[in-house]
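Asks: Residue numbers (this note's numbering), protein chains in the order written: chain A, 1 to 413; chain B, 1001 to 1413.
No lab work stands behind these hints, which were simulated from the structure alone. Certain hints may be false.
[Claimed, not checked] Pair ranges (Cβ atoms, derived):
#1 B/Glu1358 to A/Gly119: 36 to 42 Å
#2 A/Ala170 to B/Ala1295: 55 to 61 Å
#3 B/Gly1411 to A/Gly411: 49 to 55 Å
#4 B/Arg1124 to A/Arg379: 40 to 46 Å
[As the list claims (entries may be wrong)] Cross-link-like lysine-lysine pairs, in silico, DSSO-like; alpha carbons within 30 Å at most:
#5 A/Lys322 to B/Lys1322
#6 A/Lys322 to B/Lys1271
#7 B/Lys1363 to A/Lys363
#8 B/Lys1271 to A/Lys363
In this text the structure is predicted, and so the values were computed from the model without any measurement. In this text, a Cβ means the ideal position worked out from N, Cα and C, and glycines have one as well.
There are 2 protein chains.
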Amino acid sequence: LLAVGDELLEGRYADSNSAELARLLGELGVEVARIAVEGDDERTLAARIVELCAAHELVIATGGLGPTLDDITREAAARAAGVELVDDECARADLGAWFERRGVPMPQINLRQIRIPRGSTLVRNPVGTAPGFALPIGHALFVSLPGPPHEMRHVWDESVRALVAARLAAPLGRARLYLFGLSESRFAEIAGARMQRGADPEIGVTASDGRLSVLVTARVRGIGDAAAELDARARAAADALAAELAPHVYSRDEGRLELLVARELAARGAKVAVAESCTGGLLAGALTSVPGISASFERGWIVYANAAKTSELGVPAELIAKHGAVSAEVAEALASGAAARAGAQLALSTTGIAGPSEGSAEKPVGTVWFGVHWRGTTRTQLLRFPPGDRERVRRCATNAALHLALTALRGSS
Amino acid sequence: LLAVGDELLEGRYADSNSAELARLLGELGVEVARIAVEGDDERTLAARIVELCAAHELVIATGGLGPTLDDITREAAARAAGVELVDDECARADLGAWFERRGVPMPQINLRQIRIPRGSTLVRNPVGTAPGFALPIGHALFVSLPGPPHEMRHVWDESVRALVAARLAAPLGRARLYLFGLSESRFAEIAGARMQRGADPEIGVTASDGRLSVLVTARVRGIGDAAAELDARARAAADALAAELAPHVYSRDEGRLELLVARELAARGAKVAVAESCTGGLLAGALTSVPGISASFERGWIVYANAAKTSELGVPAELIAKHGAVSAEVAEALASGAAARAGAQLALSTTGIAGPSEGSAEKPVGTVWFGVHWRGTTRTQLLRFPPGDRERVRRCATNAALHLALTALRGSS
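Same shape as in the complex, but just chain A (with noise of 0.2 Å):
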């Protein structure tokens, strides 16, 4: 993978493309040997291409196609092949059609987009002006796409996906397992030598503010594996790790913990509540951003001083005198007054300390309560999050309330 700009080498973006693409190819059983990020030099950029693509059998560029002087993975890609650069009629017709959808005269700098390698294939882009192309170097198909990432993904899900199975791809098993609670480390002594490359089936984790995302792949091992078989094979695999983690596993198809709630919540006809206080709103922002949500979402609270407690929610002030305002009762009236004053099913409250400062020995940064009001019904939790990352406290203990609620809403039948 070849991600060009110079601002990728002046750090003002990081290449997400190539990680997108990478998983992409994945899918598809394609490995990624190696990725480069070159600068806007079209010499450099060339003898970059020359290298990559008598190493490999497929080169995947991003980046370079828009239509400034600055704009040179056309050139660079022609002077690596040896060719000049022709106008494309097909792309010249897109670019027309582009600018008069929008009511405006196509600038004339624009045509600089519509010269692609002689010999290419060129790959079209519905969503922007920067067609791509496709164009065989010695050995190997070097394919240039655009670097806005959501044309990227566009134009790898209309035309390249193909293209590049259609050549490269080696059919394979995919099985999936989502885990809360255990840490990345614990899982890999687990996991042990299943994770090492060229296991089969390999099995590959992810972390994330708690959640370990694990993805087990199993490969073609001789002629004739059918594909089926892959996936029975990963499957079962998949199958045997559940079974040993069996208490962390909280999905085999999707990670976010927020969608899962909010379909548990949707299946029963159930409303959730939120009173936060460490989380700071968080929590209610994670359940916002699925789409729909407001049929089983109305109201929140962020209650972050005592007093805020006390007044919205009901919290009794010699309660939070008594125990501190980081206390399992206190987290406990917080999630029983949100459920009352909200008239719903499903309250979650936090209050906990993120930091940097305020701990205490007994209660250190990190220190987070839950409360999870169910149907009548409120337990509570004590969860320690290392300390020394604020945001990376206040997101784990999102999350942890997300695995609180949906433990309570299974629970539940």
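Fit chain B to the given chain A structure using the hints.
Replies: The following block gives chain B in isolation, referenced to the frame of chain A:
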């Protein structure tokens, strides 16, 4: 820059370390010529290190320093330099102390991490188990840093910045501007040739959910350019640009709107409350990301349902029936209601259509009304964001609310 790890080639993570390092190196005036991402294969990695060290003055690698067998940066660097790995006693002492502080015995496998190539300088890592090292290879300096982003950043700040500055830094002048409410392409039109590579001073811009972060860089033209003169040149160019774009400039030194709002609140001893509909908690979440905000922020409401707007904040049901929930009238009533109920001088409200559906011809997806109450007066503002991405509409609306708050606070002196 060289990022090491199969997880990067598989697209499980994007290479954020290289972008961060490119930005940090840019601050020292050091230009990044290329970025390479390699997998966990010792021989391939060693060959790449040799190639990069032959072509560049400095090569900084991140990742591959963990304790497990697939962490092979130490071995690859030793192979590239033609030296052996030796135990480092300082690393041994640091590692022992690290486990002792946690009260757990050190697993034998972690001893791999105290081995560094002979001739290296140890880069101590107080926040993790993986020390880095700096090793001359040919004419280049090869620096290996731990992969976890917070560890990488910590050792950069502690020691690597100074190491690199002593070897390579070119003096340059810097000035910044932060703008709101201007598109990146409109900015590029105005800045024109000043954004071209090699312009002096050169202007760069990064967009993020409605904010633009502008960096003006002046470089040495000839021997004897003093650092103060470079700064003055950058500042003069930033001043000229700020004059052209005056209504959009909100800061010269800090881009985080929530932090600027928090500072203005603290300076005035004022309190803020929020009443969120379409932003659904993200506005409170942004404010509460600022440590110490509890002195200024006590409570907020997420009033998604119309009934919640009425019962929590006193918005008359007839007002909603007459004008619709997404209206100036309701935005105003939400902000005034939140200010009154919270006893806050400043109150912010949002009500809009984040999408993906539920828009109309009159109020398309992306329509958001804002209310800003400040010391007895409530103003409203309508903004329309590009539809199509629910989360982007919500993030842009959050920043817009913060920008309106900042304008109100500053206008009051």
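Asks: Now tell me if each hint is right for this structure.
Replies: Results of checking the hints against the structure:
1. The hinted window of 36 to 42 Å between glutamate 1358 of chain B and glycine 119 of chain A is violated, with their beta carbons roughly 49 Å apart.
2. The beta-carbon spacing between alanine 170 of chain A and alanine 1295 of chain B, approximately 59 Å, falls within the hinted interval of 55 to 61 Å.
3. As the Cβ distance of glycine 1411 of chain B to glycine 411 of chain A is approximately 53 Å, the hint placing it in 49 to 55 Å holds.
4. Separated by about 45 Å at the C-beta atoms, arginine 1124 of chain B and arginine 379 of chain A satisfy the suggested range of 40 to 46 Å.
5. Between lysine 322 of chain A and lysine 1322 of chain B, the direct Cα distance comes to roughly 47 Å. Violation of the 30 Å bound is thereby established for this hinted pair.
6. Note on lysine 322 of chain A and lysine 1271 of chain B: the hinted pairing holds, with a Cα-Cα distance of about 27 Å set against a maximum of 30 Å.
7. Straight-line distance between C-alpha atoms of lysine 1363 of chain B and lysine 363 of chain A comes to about 48 Å, which puts the hinted pair past the 30 Å bound.
8. For the given pair, lysine 1271 of chain B sits about 27 Å from lysine 363 of chain A by alpha-carbon distance, which is consistent with the 30 Å threshold.
Of the numbered hints stated above, those contradicted by the structure are hints 1, 5 and 7, listed in ascending order.
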